[in-house]
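Peer 1: Letter 218 of the sequence shown, counting from 1, is numbered 218 in the numbering used here, and no numbers are missing.
No lab work stands behind these hints, which were simulated from the structure alone. Given the structure is predicted, the values throughout are model-derived calculations rather than measurements. Treat each hint with caution, since some may be false.
As the list claims (entries may be wrong) - Result set (EDC-like, lysine to aspartate or glutamate): computed pairs, CA atoms no more than 20 Å apart in a straight line: (1) Lys-133 to Asp-164; (2) Lys-179 to Asp-107; (3) Lys-69 to Asp-245; (4) Lys-179 to Asp-164; (5) Lys-133 to Asp-152; (6) Lys-69 to Asp-257; (7) Lys-69 to Asp-162; (8) Lys-179 to Glu-154; (9) Lys-179 to Asp-129.
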Amino acid sequence: MKSAVVKVTRQRGFTLLELLVAVAILGIALVGMYSLYMGMQRTTYNQEEVVDIQQSLRVALDIIGRDIKMAGLLVPTGTTGIAANSNATTLNIETASAYYNFAQVRDGVEVTGGTATAALAVTTAAMTDLFTKGNWVRVIRPQNGDQPANVDLEVDSVFRGDADYPVNPLAAPPTITLKGWPATESLFLPGDIIARVTRSDPPNPPPPDPSTISWTLAGTDLVRNADGQGNDLIAENIVVPDPLDPNAVPLFTYQLDDGSEVAPLAPNVLTAAQLARVVAVRVTITANTVSQLDGTVRPRSVVSVIRLRN
């Protein structure tokens with residue numbers, strides 16, 4: 001009888017060298033994946049800052065454009081929309097209201113001197129929504145910018161009119177009731193404009209007349225100042241034009257009625273003759289990135305030529 005022969009198969013594992021090679025390959029792969037991930041993170045972060053700057057510049061350009069289009073609106077005859085002391089880095093604007101809140105007087109009315117309060121009917125109920133009790137206003141004649149009352153008036157109340165106005169001719173129209181009338185009578189005509197202005201009762205100083213809007217650089221910040229009430233920050237990290245660099249791009253370039261352009265650098269400003277001839281303003285705003293992870297400065301710019309409408 002033959003004895004049983006048991007065949008044993010020898011089992012072999014990985015050698016130390018094989019394990020080291022596998023670990024090394026895995027490490028290289030992980031380093032590559034991590035480097036790729038970090039690169040994507042840096043790119044994403046950098047791009048987010050660039051997008052934020054571009055969006056900030058677009059917002060600033062939109063606000064400046066609105067201000068320029070309103071320059072000279074309802075100001076007295078002979079007053080220029082672009083005001084004195086404007087140059088390549090400062091833009092001064094004169095307009096009826098820095099708030100752009102207006103209502104049109106519907107009916108002619110005579111207010112007796114010394115009247116406590118008087119209501120002025122306006123053409124639509126929506127106009128009353130732009131005013132609240134305590135606002136200050138001027139009533140302006142569009143034809144020449146004159147003010148029949150010749151004083152700033154305070155809003156006492158607003159009324160949106162009867163629900164069936166203007167369908168029902170007997171319905172009460174929307175009105176804005178004003179107080180602070182002068183001792184002399186005031187005659188208002190249909191089409192006169194009620195314009196909101198900065199509060200002017202003591203101890204606050206009277207606001208400028210017409211209202212003023214100033215755009216300028218405070219360091220590298222682009223700021224807007226309405227009626228001298230303080231600077232509102234609009235955009236940051238703005239590139240300041242170098243007066244010693246002949247290739248520097250001005251923040252504001254003024255186009256005159258003969259097609260020429262002027263952009264005097266501070267302390268120089270536009271002359272009175274040039275102010276009267278400005279028909280458009282080229283606005284060029286450039287801002288730098290400051291928080292890029294790779295340390296690269298990536299400037300971004302927006303440019304627009306905005307024509308004066310008044």
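Peer 1: Each of the hints needs a verdict: does it hold here or not?
Peer 2: Evaluated hints:
With a C-alpha separation of about 24 Å, the suggested pair Lys-133 and Asp-164 falls outside the 20 Å cut-off, and the hint is violated. For the given pair, Lys-179 sits about 18 Å from Asp-107 by alpha-carbon distance, which is consistent with the 20 Å threshold. Proposed proximity of Lys-69 and Asp-245 is contradicted: the alpha carbons are some 30 Å apart, above 20 Å. With a C-alpha separation of about 27 Å, the suggested pair Lys-179 and Asp-164 falls outside the 20 Å cut-off, and the hint is violated.
Proximity of Lys-133 to Asp-152 is assessed by CA-CA distance (about 14 Å); at most 20 Å being required, the pair is judged to hold. Only pairs whose Cα atoms come within 20 Å are accepted, and Lys-69 paired with Asp-257 is accepted, the gap being roughly 16 Å. With a C-alpha separation of about 35 Å, the suggested pair Lys-69 and Asp-162 falls outside the 20 Å cut-off, and the hint is violated. Our distance criterion of 20 Å between C-alpha atoms is met by Lys-179 and Glu-154, whose separation comes to about 5 Å.
Only pairs whose Cα atoms come within 20 Å are accepted, and Lys-179 paired with Asp-129 is accepted, the gap being roughly 18 Å.
Checked against the numbered hints above, the structure violates hints 1, 3, 4, 7; every other hint is satisfied.
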